[in-house]
Amino acid sequence: MVDNEGRTCVYGLRHQARCLTSVVADVDHNKFLVGSQSLRRENEIHLLEFHEDEFEITSSVFQHSEEVWDIAACPLQSDLFFTCYKKFDSNSTKSKANLWSMGKTISEDPETNPQDRRTQVATSLPLESIFEVDGDATIKKILWDPKKVLTNFVSIHDYVLNVWSFDDQFASAKLLSAFEFPSSAGPLATGAWNPHKPEIAVGKDGSISGWDIKSQSQTFNINEAHSILVRALDFNPNKPNQIASAGDDRKVRFWDIRNTSKSIKEISDHTHWIWAVAYNRFHDQLLLSSGSDCQVNLQSIVSISSATFQYNDYDDNKSEDEYKEIISKPTDGLVRTYDQHEDSVYSVAWSAHDPWVFCSLSYDGRAVINRVPREEKYKIIL
Amino acid sequence: MATSATSPTSPNSQEQSTSASMHVTPHITLTLPRKGRAKQLLKEFYGLPDGKKADPLDIDFSAFEANKYIDNMLAEKHLSELMQRDNDLSTEIRQLDGDMKTLVYENYSKFISATDTIRKMKSNVENMESEMDQLSQSINNISNVTSSVNSALGLKRDKIRQLTGVHDLLKKIQFIFELPTRLKHCLDQESYAQAVRYYAKTSKLLEHYRSLSVFSSIEMECKEIMDKVTKRIRENMTNKNATGSEITDCMTLLIILKEPPQQLAKEYLELQKNFLTNLLNTTIEEMSSLSLESSQDNQLKSDNSDHKKEPSSPISSKKRAKNKLSFLNQKFLKELNKFVESFNGFFLTPPREIREAKSPGKAPVKSPGKSPRSAGSDILRVVTANMDSDARDITRQDFLEFVDVIAKEYFNIVDSLLEFPEKITNLNPSTHLQLLNDLYYATLSCNSLCTVAKFEDRVNEVIAAWEIKFAKSLFGIAEKKLMEKFTKYAEKVLKKDSETSPIPQIQDLQSFILDMETTFADYLTGDCLRLLEECIKSETPMIQKKGGIDRLLKRFQTQFKEFWHSIAQSSSNYVASVHPIPITQNPTQSPPPPIIALMMSRILLDFGEIIVIQVYMTFSNILYNQRNNYKHGLGVEIYNGLGERHTIAKELAHDVREIVGICKDIAQRVLERYVEVKGNQISSKIINIYIPNSIQKQDEKMDKSSVPEKVTPIWSEIITDLVYIEKEVVMLYGGPAEEEGNKEAENLVEKRLNPFLQPGTSSNAGGGDKSLLSPGTALVKSPYAHSNSSYSSISSTRSRTSPNPFTSSVQLTSHIDKLFSDRIEIYGIVEMSVVGIMMGIIKILLKTWIEMIRLNTLTNRSFQQLQVDSEYMRIKLWRFIEDERMMNTMLQELASSAFKRCAEDPLPLVYADIEMIVTGSVSY
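Sequence order for the protein chains is A and B. Position in the first sequence (from 1) plus 14 gives the number in the working numbering. Position in the second sequence (from 1) plus 52 gives the number in the working numbering.
In isolation and in its complexed conformation, chain B is listed as follows:
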């Protein structure tokens, strides 16, 4: 038992044994918890000191004492327990025994295989040793041989090297000696490139050995020839017929010949300028002839075929434009690019390496027959003129100036290709886009143009300009049509006014406006949207590339917004008054009739409430929908004037809100303008009859004691006008016409509020109190001191300072009302309803009346006339307004003003008389 506990076993086998013991002897596990036991066993295996205090009674410990254990057992356990323990122990012992046997067998077989391996190794190593010896011997031999060969050849090698050097030198000298003849030959053969190449190769050498007379003479000779060459090259270059590449090649040579670079740059620029301008001109000519040809072709075709084919001509013209562009790009843009590239290489980039002298030599020798162009392009990249940075800057500036000019001309031609048809709706935007696309990629392919002359930006500008122009003209038509309709209608109205009765047809107004709105909306959501969609869906790579559509939509959106702004602006401008009227203006040209303002306000209101949202929604559905699919752009909900909900692309929501606000705002302002104009029109009638002093003149004619017999005819005219205005307004601002019957009935009840009647009625009620009839005297009597107070005491002062002609209680309360009620704003904000509009006009009218009365001096008779007139107006105005308080306040004001402006002591008519006159007039 003790042996099994202390025997060193591998933890692995122990593990196995524990797992095995789970089945066979479960009791053994009782002695220690499983984990702890494994730990314990490991500790034992590695000979670590036991952390636990040795317990002589624990059977699994080294300190186990069998005798003590037995004694202990005997002392403590019953017989049956002892028996049980004995059985357990014997089972455990058997188990441990078996485990040990397995262990021993396993280790034994491993040992045997190890022995085998060692034996095999031993036999192998023995062979290896002899082979290694052989190898080292062979290597020794080789090294010996090599060193002997090396020493044998060493002397000769130096000689050869020397000789080769001499040979090279001789060759070079030979070349130099031959150089003049060669150069001459080249000169004769006109292969200047070759000459330059030779010269460039040797010039340094010659320079180096200039001190030797032989060389210097050669140098002189060469120089002479090269001067000639240079001259010839220059001649070639300045030749009128020289092409751009020829010029460039010549320039390359001259640079290699170290001509003064700044001057060269200038020359080069000048030459290329001439060349390119000529080229451009000829290209334009050729282009026009191209179009002629193709149109001739078309004509021929159309001559051959039926006339029905003619509608296809716009498409062919588009094709022609495309051909033209590619022709232009081919002919001109490429040349320009080449020039820019070479110029940049020559003069604008600082020399990277001093390879330039060597490089021509490296270039493959060209046969004189070959075109010098290819030779030029070969060495082009490395040829750079030596210039200091200041000179370079100057050159760069000149160069950029030139490129600017030429680029402008180029883009002008491009623009001319992008002309819009007269009717924009006939335009096929995709062809234009195709054209722009071609342009875009043509320029992108011209690297130098893009990097040096920023051609890409320029092209982008052209594209943006086209897009903006396109959107502008597209939307502009809608505005133009709208304004045209207004103008036409205005003309019609004016004509009718001058020709026949002042009542033109207003019945068709509603349908007219509806029609206007639908055509407007239809155009936007129809033709307009169709073309925009075509742009967006255009398959040109320019649009389809990343961000292309976004950019396009953004531009359209901005233009669309501007379009609404512009509509609002031109609407409000259209109805605004002009001050001062220019002298040059045709005096017969009358301002737009006020009805236009009313119509405009209605239309703008409809825009604000419905149409803007509708149009934007359609736009958003068609233009933004596809994008939202992949962009997760969630719509924003917007409510229109009818409370309907619309979902609109997020990008547009802000615009919509802004424009709706603007439309409503302008509608309001335009409506106010209408009210102002109408109010002024009617007021002018009042002003005309109340020109200061005119009343007295009228009175003079009358019998002084006579009593007014009827209402002044102007008032019934004014009422007729108002009725007509109301009709107009009702047509556009809806609302059922008031039932007059009801109102008239109420009138009777309200009549007693008429301030003019007040003195009469109250005098009756007050038993003829004199002071009521002549408030002036009452005022003089009243305790009154000059008020000298700060504003805080104003309310108390006020009642004293404003002499109140009517002191009846009704009057008093209404005055108190006035004190607390808001000021009446005459030309104020007009409520957008029939009543609001009418009220606005009536306010203007009444206020004018008051002010005019104040400027006049009344007689007793005209005061009475005013009583009658005011009563008449009160009855008549009633039907137009809802809240009579304001009207009554103003009529009161009128009464008090009239009272004060009466030069005689006024003798107001009694109500019955007034009623009689008024009803007489009404029926009349």
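Isolated chain A, as found in the complex:
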């Protein structure tokens, strides 16, 4: 087999694109969803699948007339996803969200020869709309419950955070509760759902606040977490109470939400605004960040990760294996900078299948799939 270490797989959309998500529900394939963003043309949703053995990307294209600003894949059913899009009427723009189904047609036929797949002509497939989310015309982000229970979802608007519940048939949603935010300051910029409890963190201007959607109360508030704007948030999937945030001050900061008086770590390796951060779902000592400096940075944050203790244990019985000595323990720091993008990288996502695969998407429509360097990988698993 060809050694693909260090190689990169690139996929080009025809359009600009801003949003990317991994298909979380499909843990058997490296699948990603990308929504395009063009104003004067029909938009598309690209379902990308990365085949590690052949080292190539295959795709299916779906029609989506409006430009996509955010996309969120259902954590339980691989064919479902939300998009947030802008509808451009003659005079005004309306931001809406819709739940879509790709249908069962796209499920890969295992018999299909990869050769065939490659030559397969990209035809735009239709999407089946399930329902449109009501609410004001400023919806910008949908959050699924990361616990993989399909009862609720959350929508983030300019000045409101809505909690919805699905009905039995999964065909519509009912507004459960809403959190209003003062419209005097800037709008909500981003949000994240704590995988450890029913808590939503939202970024508004430079501050981050946490809201318990059960008790409908504020859980924490970090004033001026970033100097201008918080653009990205992500909870640590393995370690409760830890959240990563990033924003216009080019810093990634890590917080313990129980004590927010001081950040527990700060990384500044970007030279312009950071638009996305993503913890690796399996090894939370790895974190991706991407920004408008056209870079994707893979960071090792082992010192504050859930794996810290694991490595401390190794210290006690050092003599265990010799090769362990050769492969040094992971340390904090920038693992690699991926600079294959020529434009701002607005989103980045880890694969749901292979913990070492991730995808990044730049504004010029280039989706790039990279893998964690083997050396770093061995450091973590050995």
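If you're looking for bench data, these hints aren't it; they were derived computationally from the structure. Quick reminder that beta carbons are idealized off the backbone N, C-alpha and C, glycines included. Don't take every hint at face value.
Claimed, not checked - Listing some non-contacts, in silico: residues in chain B with all C-beta distances to chain A over 12 Å:
#1 Ala127
#2 Ile145
#3 Asn193
#4 Lys224
#5 Phe454
#6 Ala494
#7 Lys544
#8 Glu586
#9 Asn673
#10 Lys895
#11 Thr911
As the list claims (entries may be wrong) - What follows is a set of in silico ranges between Cβ atoms, one per label pair, in the way DEER data are often shown:
#12 B:Ser885 to A:Glu146: 48 to 58 Å
#13 A:Ile278 to B:Asp450: 38 to 48 Å
#14 B:Glu883 to A:Lys276: 50 to 60 Å
#15 B:Ile741 to A:Ile278: 32 to 42 Å
#16 B:Glu883 to A:Glu280: 23 to 33 Å
#17 A:Ala151 to B:Ser885: 28 to 38 Å
#18 A:Ala192 to B:Gln562: 51 to 61 Å
#19 B:Ser885 to A:Glu280: 46 to 56 Å
#20 B:Pro765 to A:Ile278: 40 to 50 Å
#21 B:Lys374 to A:Ile278: 50 to 60 Å
#22 A:Lys343 to B:Glu883: 36 to 46 Å
#23 A:Glu280 to B:Asp450: 49 to 59 Å
Unchecked claim - Covered by chain A, according to a simulated footprint, are these stretches of chain B (three or more residues, beta-carbon under 8 Å):
#24 168-182
#25 322-333
#26 899-908
Got chain A; can you put chain B on it based on the hints?
Relative to the frame of chain A, chain B by itself:
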């Protein structure tokens, strides 16, 4: 002839003869080489066999045959030669003859003197023999007499010896019998030391003869008395008023009495603890009263004399401190030393000899009137309690703990004497050093304290702590002043900002900074250096002893280095942003204005380029010069930012380089911070007008078909801001202001590069080719497949994947440029110049613009407005930057982003219209 050759002559005379022959008969030397001849002669003298083959024709050899020689001569030589040879020979013969005569005479005279000597010896020996006989007879007599005396006295001697033994024994028994009474007497007289001495002397004896009833009863009696004595001693010892030495004496006695040592040690420690703590407290009280007295004295004096004398009070207070210290040392330290010494002797050193029982007897008997103290100290050295090593260890631990505690208290007092005045520059370091010196030598004189309790180390620690504290506070002031100035200036700026126009005075910035730098440097090289020099030149032996100055300088050097580090640290901290902002913080307290960062970076840069080296050089000249004279420490040459050469002591060179590097580094970082803050400030204005969807709302108000009439006012505001920033920057980062006229003229030429104008101009040139105006459709038509390639094919994919709205050749080349040109780092390293700083800010501004446009949806009108705005900015930004390429690349990016974000098919304005609007706005 043959005789002379064979005659045995001494080599010495032969030598003489050869040297003589040099003058008289030079011919003779011809027969043999000189060295060889001498050798030959020697050989002959010692009768060694001749190594050479005998030649009958050689006249100097024994094998010489005269006849043969003559025959040979006759046969071979001419007559004249023969005649010559004959003459030679006769001269030689005469010479040899004379030599022989001299030899004979010399030997003869020696012989005569030898004969004389022998005769004299003979007469002397005859006398001696009779005397020797006499002597031996006398000795025989003596030995006879002695042996008779010895035998006569032998019997009696044994008797006497026996009697003496008996006498001694009787005396001892007498003593023992009398012991109880004596002891009682002593008890009554309270001379316990004497009692103990007696008892110690006899206790072994009593123990030995315990089996005899007489002795055992005595022993019992003695023991009874001694118990009493012990009790009394204990009473004395535990008496509250007992002094340390009294306690020690009592302890000595108790040890001799073989009380359980471990318990004794504990008791002793406890008692001394009380005593010493009390002593310390009373000493402190007395000390304070001492100072009161002296201050009263001072007051009296100052009352008497004029008030003018008051300035002298600090000096007198120093004297007071000195008095206090010596008082403290006298009163307390000595006692402590004594205690440590005796404790060490009693309990901590293993018993060397078993002399302890005997020793009291050896000690001179004391009259009861004499103080027991002297008696104690006499026997002190040899009194050692018998303890096993474990018990000793425990005791040692307890003891050291106690000493630790008491030493800490002592040093606390010492520290209180070494207080610094509020203004460090008023401090007279020599007095402090004098004090430390006294302390040092006072402790050195306390041997036991040094060896047992490591007092020397402790004192050294105190000294080091003082030195470090001194240097720290000295340098710390410089830092404090510097930061204070910054804070004050920041407050001033903030006040002005809130009160009046947002343009505070920046004209005085340069002089302000210059002033700051000079005061800073002056303080360091003035007051600071003066005090350091005073320390170095202090005449105290502590400093002057070997290594003293080196140590001191080393400490100062470390502190100095730390001081620079700390300046750099606090500078960068001062301007750094705080995240998150604490809730408790007063919301009105604003962060320092960015101008401070600019000033800081300038000052730090100056530090790095000039001031650090300057200050270090002065330091090195004054503090290190004298030392270099004898240490051959050659200076190291260092160049400052202006290329001037400085020579600096070798010890400092490394520090200087390090600090210069740090200063420059921090200057750079602080400057970047300035650029960031300023850039963000301006960017926030852009962000405010481009809040997503806001443009459409604006557009809704406008008439849809209307054409933009003027530049959006925010941009001229931003330009005003930039002009003001440039003014600030020029003030601090120098450089002549660009002549605007020139630039404007060039602008006209450059204008056609404006990407927004490109579609218009190119459409004109291309005869209205539709595809140029609507690149979107062109793209759809273009042969395009989903790229599915590895990174190696990226460059080819790239040109297809990024839809290029402007396909004119200029556009294309610039895109290719972008492909090959370096990535534009927005918040990157800022060049330390006016242009560099401005460029940094402008980059941030433009990038924000691009990103904000991408988040928006434009209408045709707002697209046109953007065209106008971008052209306006292009013209206006020109004067701030040198290299327009980067700006053009970014404006291009802006254009392409705007094009893509336009919801309608964009209808770009033609250049003429834009120019009209822009020039209208400019003049407006």
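Now for the hints, and whether the structure bears them out:
For alanine 127 of chain B, the requirement that its beta carbon stay farther than 12 Å from each beta carbon of chain A is met, with the minimum near 108 Å. Interface exclusion of isoleucine 145 of chain B from chain A stands, the closest Cβ pair being 107 Å apart, more than 12 Å. Listed as a non-interface residue, asparagine 193 of chain B keeps its Cβ farther than 12 Å from every Cβ of chain A; the least gap is roughly 97 Å. The Cβ of lysine 224 of chain B lies farther than 12 Å from every Cβ of chain A, with a closest approach of about 73 Å, so its non-interface assignment holds.
Every CB of chain A lies more than 12 Å from the CB of phenylalanine 454 of chain B, the least distance being 40 Å, so the non-interface label holds. The beta carbon of alanine 494 of chain B is kept farther than 12 Å from every beta carbon of chain A, the shortest such distance being approximately 49 Å. Every CB of chain A is more than 12 Å from the CB of lysine 544 of chain B (nearest about 24 Å), matching its label as outside the interface. Against chain A, the non-interface label of glutamate 586 of chain B holds: every CB pair exceeds 12 Å, the least being about 44 Å.
Its beta-carbon lying about 42 Å from the closest one in chain A, asparagine 673 of chain B satisfies the requirement of being farther than 12 Å from that chain. A Cβ of chain A approaches the Cβ of lysine 895 of chain B within 12 Å, the least distance being about 10 Å, so the stated non-interface status is violated. Residue placement check: threonine 911 of chain B does not keep its beta carbon more than 12 Å from all beta carbons of chain A (closest about 9 Å). Distance hint for serine 885 of chain B and glutamate 146 of chain A: a CB-CB separation of about 56 Å, consistent with the stated range 48 to 58 Å.
A hinted range of 38 to 48 Å for the beta carbons of isoleucine 278 of chain A and aspartate 450 of chain B is consistent with their spacing of about 46 Å. Between glutamate 883 of chain B and lysine 276 of chain A the Cβ separation comes to about 34 Å, which falls outside the hinted range of 50 to 60 Å. The supplied range of 32 to 42 Å is met by isoleucine 741 of chain B and isoleucine 278 of chain A, whose beta-carbon atoms lie about 36 Å from each other. The supplied range of 23 to 33 Å is met by glutamate 883 of chain B and glutamate 280 of chain A, whose beta-carbon atoms lie about 26 Å from each other.
Against the hinted window of 28 to 38 Å, the Cβ-Cβ separation of alanine 151 of chain A and serine 885 of chain B comes to about 49 Å, which falls outside the hint. For the pair alanine 192 of chain A and glutamine 562 of chain B, the beta carbons lie near 57 Å from each other, so the given range of 51 to 61 Å is met. At roughly 30 Å, the beta-carbon separation of serine 885 of chain B and glutamate 280 of chain A lies outside the given 46 to 56 Å, and the hint is violated. Between proline 765 of chain B and isoleucine 278 of chain A the C-beta distance comes to about 44 Å, which sits within the given range of 40 to 50 Å.
Against the hinted window of 50 to 60 Å, the Cβ-Cβ separation of lysine 374 of chain B and isoleucine 278 of chain A comes to about 53 Å, which satisfies the hint. Distance hint check: the CB atoms of lysine 343 of chain A and glutamate 883 of chain B are about 40 Å apart, consistent with the given range 36 to 46 Å. The given range of 49 to 59 Å is respected by glutamate 280 of chain A and aspartate 450 of chain B, whose C-beta atoms sit roughly 51 Å from each other. Counting residues of the stretch 168-182 of chain B whose beta-carbon sits less than 8 Å from any beta-carbon of chain A gives 0, not enough to reach three: the coverage restraint is violated.
Coverage of the stretch 322-333 of chain B by chain A is violated. Counting CB-CB distances below 8 Å, 0 residues qualify, and the rule asks for three or more. Taking a C-beta to C-beta cut-off of 8 Å, the stretch 899-908 of chain B contributes 3 residues in contact with chain A, enough for the three needed, and the coverage statement holds.
Figure legend: structure checked against the earlier numbered hints; hints not met, in rising order: 10, 11, 14, 17, 19, 24, 25.
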